[in-house]
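So the sequence lines, in the order shown, correspond to chains A, B and C.
Residues in the first sequence are numbered consecutively from 706, following my numbering.
Residues in the second sequence are numbered consecutively from 68, following my numbering.
Residues in the third sequence are numbered consecutively from 379, following my numbering.
Just so you know, not all the hints are guaranteed correct.
Straight-line C-alpha distance at most 27 Å; calculated DSSO-like pairs for lysine-lysine [stated by the list, open to error]:
(1) K538(C) - K612(C)
(2) K712(A) - K508(C)
(3) K592(C) - K612(C)
(4) K927(A) - K508(C)
If we take Cβ atoms under 8 Å as the criterion, some of the chain B residues that face chain A in the derived model are [to be verified]:
(5) I125
(6) L137
(7) E144
(8) Q178
(9) I183
(10) P187
Just so you know, the hints here were simulated from the structure itself, not pulled from any lab data.
Note that beta-carbon positions come from the ideal geometry of N, C-alpha and C, so glycine has one too.
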Amino acid sequence: MIIAERKSLEEIKGLVGEAEKVLVVGCGTCVTVCFAGGAREAAITAASLRMASRLDSGPAGEPAGNGKAVRDVTVQRQCEWEYLDEIAEDVKAADVVLSLGCGIGVQAMVEHFPEAWVVPGLNTSFLGLPTEQGVWAERCAACGDCILGLTGGICPIARCSKSLLNGPCGGSENGHCEIDPGVDCAWQLIYDRLNSMNRLEVLLELQPPKNWRTARDGGPRKIVREDLRLSEEEV
Amino acid sequence: MAEREAGVAREVVVEAAGQEQPEAERLQIVAYCCQYCAYAAADLAGQLRMQYPPEVKIVHLPCSGKLDQLLALHALEAGADGVMVIGCLPGDCHFLRGNINAARRVEGLQQLLAEIGLEPERAQMFNLSAAMAAAFVEATQTMVDEITALGPSPLRRNGLMQKEEDHDNRGA
Amino acid sequence: MSIGIEGNGMLAGSKLERMLRAGHFAVTAELGPPQSADGDVIREKAALLRDCCDAANITDNQTAIVRMSSIGAGTIVVQEGLEPVIQMTCRDRNRLAIQSDLLGAHALGMRNLLCLTGDHQSFGNHPNAKNVFDIDSLQLVQIVAEMRDDCIFQCGDSFKGANPRFFIGAAAAPFADPLDFRPYRLAKKVRAGANFIQTQLVYDVPAFARYMEKVRELGAHKEAYILAGVGPLKSPGMARYMKNNVPGILVPDEIIERMTVAGAPWAGKSTKEMSAEEKRERSAAWKEEGIQICIELIEELREIEGVAGVHIMAIEWEEAVRPIVEGAGLYPRPTLGESAAGHHPESRPDSGAAPAQG
């Protein structure tokens, strides 16, 4: 799933700027599961912003001012129009919308509410999974041409720091990548797995250069499923 | 400052240049107390006629692990000068890990407060057992002393803490 | 993949290739370009290396630190009468830039190329840079071989006119993980089209000998010339650092011990207590021992079947190369045309087989 982290309150305050009425919008899907932008995080962020804006507004020694009016609301998924319809009135009433959705959610809000000024409260980081409670790691680079069948189910594009197809490089040591001892060497993992399944001969074949056209390198991607589209009458 | 017995009505007059200090202006510290240890210790203190500071208001939780950061955050937003979370001694939580979770949440809350611009010391965790009435009193006194040193919360409005119902998280 | 040997029996005709094919124990060295636009640095280093090696590698933004480009410096090296081995990593360039640069490098007179993956940019002075790695080092070897032998670009388009003729090299890390896979990886690079291999630094000869045994079982030594990597140590600290901090380098304790012992006359004092003069003397003693160890390593490595030469990496210490080469009995370098036992990868020096073609 999509893994994100909340931006610092400092950065969020900068993005919200002078706006008086702020709507914090949480998302109930990926960012809930990685504890970055779900309903609780939206409520905490809203309270934090209210409190901070009151403390900031008064010069030193004076009592805190009234601060900003910050509300929070959470939708099931920020990336689907139907869920956004539910909060249209809330969005209209705000000067600024602070989206705690992933980058997709932020953009969906802007596309669905073009009159709204929406700023991101999260840094969307990667596609990954929780390896244990509280730890998420990258697994997929969305290259558009999945080769997991070749490498025993371990992705060298996402998990090898150099995205090698004929790895490992000379920097693999004790199963770790040269860039950081906390990063596994993907090719050690691939080697061990293929070895355990007696499929090492796969590693002896020279993999040709990757076709990066299906990846982001080829330009922003789009998928159209004609079998699923609605006709004009149906819309 | 004069101290009062637990459970007795709280109108207190503090002699300070002959002025009356109304209840609402006194420091307000919310103590989230777990049923099995903290609340029991507070109860015991009452039975033993031990006095703890009237600034401390007890909120009864089944377990300190029930504490939600939002709960404490809203109290502080409303103008509470400090929040205490009091749970069982390490290893003795009736629900096994509740006090451990509470401790981590209080730590997280302190970091949140620092980000917001409030002193992190306004949120603190204490641990004691049901028999430790004196420790309960000492904890509350310690908290009052530390908060006194910090001063009233800058988030009080006109020097007052908001009542729960005035605080609406859907608007300022 | 066709071998594409030209009429004179050479793939590229570089001095390094001719030296190896003539059966001589080859010597390559390393020349580090400056972190500036100063060509004179190259000229000075070329002068130091010119007659004590057959070719000199010019590193390519080594450890991801920006330096004068390998091809740029290579042009100067060619002008100075020294033959370069240009290095190309996959970290900074995509396949277009790589092929384009190689066409230019050939036109500028370069004939040896070492294909590398490249250290990750997080090691260097521009950690915020975008990662390229469009292709990896094996794919690079194959691309260059096909440009040379089949006159086609990676996309499949054929081209007319001069083909870039490089003697193609690849690197090997005998002691990196997974250890068991390393000989197979060397063989894979050779199958992809590598003509010569330069290994990572070797200090542990028995371990390297075991590695070479596996390499010989795979027959890789017959299809490519393998040059063992060696490098003079400057201090016991350097030896320990390499042992503990650089992946894939084994440094036996005996060598660390020798370096330490070389500093024995000054052992009573801490560095702070030493005068500048004493520090210089101790450093000189260490360096002398480091060079001596390097010489002995070369002599031992020569004995290993399949080792066709050495690659001397005297990092920022090009002055050390001449004493090393002299001490190992490899100076002066043979002039080509001198008779030597014929040595083509397919025949061994002692087998009495026919000399190399051409």
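Hey, does the Q178(B) contact hint survive, CB to chain A under 8 Å?
violated (10 Å)
Can the hint on I125(B) be confirmed by a CB-to-CB distance to chain A that is less than 8 Å?
Where the cut-off is 8 Å and the nearest Cβ of chain A is about 23 Å from I125(B), the hint is violated.
For the pair supplied as a hint, K592(C) and K612(C), confirm whether the alpha-carbon distance does not exceed 27 Å.
At roughly 32 Å apart (the allowed maximum being 27 Å), K612(C) and K592(C) break the hint.
Taking the least C-beta to C-beta distance, is L137(B) closer than 8 Å to chain A?
holds (6 Å)
Pairwise hint evaluation, K508(C) against K927(A), where the allowed Cα distance is 27 Å at most:
Given that 27 Å is the threshold and the Cα spacing comes to 24 Å, the pair holds.
Cut-off 8 Å, beta-carbon criterion: hint that E144(B) touches chain A
holds (5 Å)
Hinted pair K538(C) and K612(C), Cα distance within 27 Å
violated (50 Å)
Hint validation: I183(B) versus chain A, beta carbon distance must be below 8 Å. Holds or violated?
holds (5 Å)
Under 8 Å, Cβ to Cβ, is where P187(B) needs to be relative to chain A, so tell me if that hint holds or is violated.
violated (13 Å)
Verify the proposed pairing of K712(A) with K508(C), using a straight-line Cα cut of 27 Å.
holds (22 Å)
Violated hints, listed in ascending order, are 1, 3, 5, 8, 10; each of the other numbered hints is respected by the structure.
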